[in-house]
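Student: The primary structure of each chain is shown beneath.
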Amino acid sequence: MKTILISAFVVVTATAAFSENQVATLRGKAPLAETYTAPTFPKVDNSDVRQVRNYPEQPPVIPHKIDGYQIDTKFNKCLDCHSRTAIEVSQAPMVSITHFMDRDSQFLASVSPRRYFCTQCHVPQAEGQPLLENTFVDVDQVLDYIKSNEGGGQ
Amino acid sequence: MRRLLSRMWWLLSKPATHLSLGFLTLGGFIMGVIFWGGFNTALELTNTEEFCTGCHEMRDNVFVELQSTVHYSNASGVRATCPDCHVPHAWSSKIARKMAASKEVYGKIFGTISTREKFEAKRLDLAQHEWARFEANDSLECRNCHSSESMDVTLQSKRASEAHERFLLTGEKTCISCHKGIAHELPDMSGAQEDHAQNSAVLQSYLKELEN
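Quick mapping for you: the protein sequence lines, in order, are chains G and Z. Sequential numbering of the first sequence, starting at 1, is according to full-length UniProt numbering. Sequential numbering of the second sequence, starting at 1, is according to full-length UniProt numbering.
Just chain Z, same shape as in the assembly:
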């Protein structure tokens, strides 16, 4: 093994004797283009809705929920796909997110959310990660389409314009601070919402009582 490695190093460090400099530089350039293009094509392939909904975890849970929301079906017919909101568009941030997503591959292999029950149990945790990411990048993925500069608050409803003037334009809050659960159902928020009928355990036992 050691001999093989040292032989490889000797081969690599030796100047090329039979190949021309032109061949090496041009060949390197062309191979570079092919590798780089191939890498980016493969990367873009993992950045499509077809890829995301290729697994039942996404197709049967979050994708179904998206379909009834305004980000999937609306008057203008412009819609958001999974990566529009969940993957940064700038290349370096995208690579960082893709590297972080290797944990999702682990989750897929070991079936972390392979059933509806497992998904529901883990849902708050997953959602909080995504909210934290949006809070940290000032809701960048929202702003890729909804920029506050182009937002004419005078055309909005009274309620919306007041809230945006008070919180968005002053920079006090970011999109996700208020607009949680707009594209997917919210997880059990009994821990996060104070007036949540004490806690949902009470509510659920009450509903069970009603059924009997």
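For reference, chain G alone in the conformation it holds in the complex:
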């Protein structure tokens, strides 16, 4: 009985200590019973300026608004500008040719069905505040770090 009590005490204090370090969720610190005023929608970047990829295989982010874009089996609004044949008029970047490849690495005449739903990977960017600080380090910085460490070791 005593051991159970002690272990229960330990669990309770541990969770209390742990919860203090937790980040605020989207709900903020509002108690469950109270209604929390939701923050306003952050503005979506519509600058049309292409952004650097954080790593080579990152799907490029969309530098413009895509509100109301229809992407379904009937129609794909993105391809109105980004398709192979449309870019001369639109001057938008063309869908990468890797998107024409099926899973057996065979190139098709147009965008492969598995790569057809653009917003599965490509997303617009909003000017929101991140809940957690991002500690991501670019590969170039990693290489620089390794190089400088190797240099220091020799």
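Note that these hints are calculated values from the structure, not bench results. Because the structure is a prediction, the values reported are computed rather than measured. Where is the CB? At the ideal position from N, CA and C, for every residue including glycine. Please note that a few of the clues may not be correct.
Said to hold, decoys possible - To be clear about the criterion: a stretch of chain G counts as covered by chain Z if any three or more of its residues have a C-beta under 8 Å from a C-beta of chain Z, and this derived list gives those stretches:
(1) 42-52
(2) 103-116
Said to hold, decoys possible - Within a straight-line C-alpha distance of at most 30 Å, the following computed DSS-like cross-link-like pairs (lysine-lysine) qualify:
(3) K118(Z) to K77(G)
(4) K77(G) to K14(Z)
(5) K74(G) to K118(Z)
(6) K122(Z) to K77(G)
(7) K208(Z) to K74(G)
(8) K173(Z) to K77(G)
(9) K158(Z) to K74(G)
(10) K158(Z) to K94(Z)
(11) K65(G) to K158(Z)
(12) K74(G) to K122(Z)
(13) K158(Z) to K77(G)
(14) K74(G) to K103(Z)
(15) K74(G) to K173(Z)
Put chain Z on the given structure of chain G with help from the hints.
Tutor: Just chain Z, lined up with the frame of chain G:
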């Protein structure tokens, strides 16, 4: 029948003997006002959203789709109703469109698009008619609200201002050329969009494969 007609003609061609000229002209004028007003009131009644969405074909298909678009719900609260875009505002063109719409009455009676499936099957056809109408009148119904003279491209986003300067202000294209499907969902465009995942049949069989 023939006798009745000739009697009617005799009656109409005979000068009025008991009625004064003042009564006839004034009476004609007043009746004219009543008939004309009644006609226009009835016409305007068919030019409302309530009238259009009175049938399930419009209410359950295109009207539902409109509601999530910027032409129904937006920051400023100004919105377009069905006739704002689908019926010309000038009287003569309006009458012409209303006469053409008698085919829609036929469609309603015979249930041409009475189910969702029938509507989807006919959708491309219907949409193409409307696009052709907009192309022919230089997107008049768009320009009733969005005039290119009042459009300050410097206030637009880079993408929008570039496109409008290149295509709209030069007159190379008209609104509908680029802005299709802004108020309703687009029909199956596999025939009209070249890079449409080969064709949507391939896409659909692929999606079915994924489900299994």
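Student: Next step is simple, just say for each hint if it's right about the structure.
Tutor: Taking the hints in turn, this is what the structure says about them:
1. 42-52: holds (count 3)
2. 103-116: Contact hint for the segment 103-116 of chain G vs chain Z: holds, 8 residues under 8 Å.
3. K118(Z) to K77(G): Status holds; Cα separation ~24 Å.
4. K77(G) to K14(Z): 69 Å, violated
5. K74(G) to K118(Z): 16 Å, holds
6. K122(Z) to K77(G): OK: K122(Z) and K77(G) at ~21 Å, within 30 Å.
7. K208(Z) to K74(G): Distance ~15 Å between K208(Z) and K74(G) Cα, so the pair holds.
8. K173(Z) to K77(G): 18 Å, holds
9. K158(Z) to K74(G): Given pair K158(Z), K74(G) holds - Cα atoms ~29 Å apart, limit 30 Å.
10. K158(Z) to K94(Z): 37 Å, violated
11. K65(G) to K158(Z): OK: K65(G) and K158(Z) at ~12 Å, within 30 Å.
12. K74(G) to K122(Z): 14 Å, holds
13. K158(Z) to K77(G): At roughly 19 Å apart (the allowed maximum being 30 Å), K77(G) and K158(Z) satisfy the hint.
14. K74(G) to K103(Z): Holds. K74(G) to K103(Z) sits at ~27 Å (cutoff 30 Å).
15. K74(G) to K173(Z): Holds - the C-alpha atoms of K173(Z) and K74(G) are around 24 Å apart, at most 30 Å.
In summary, the numbered hints that this structure violates are 4, 10.
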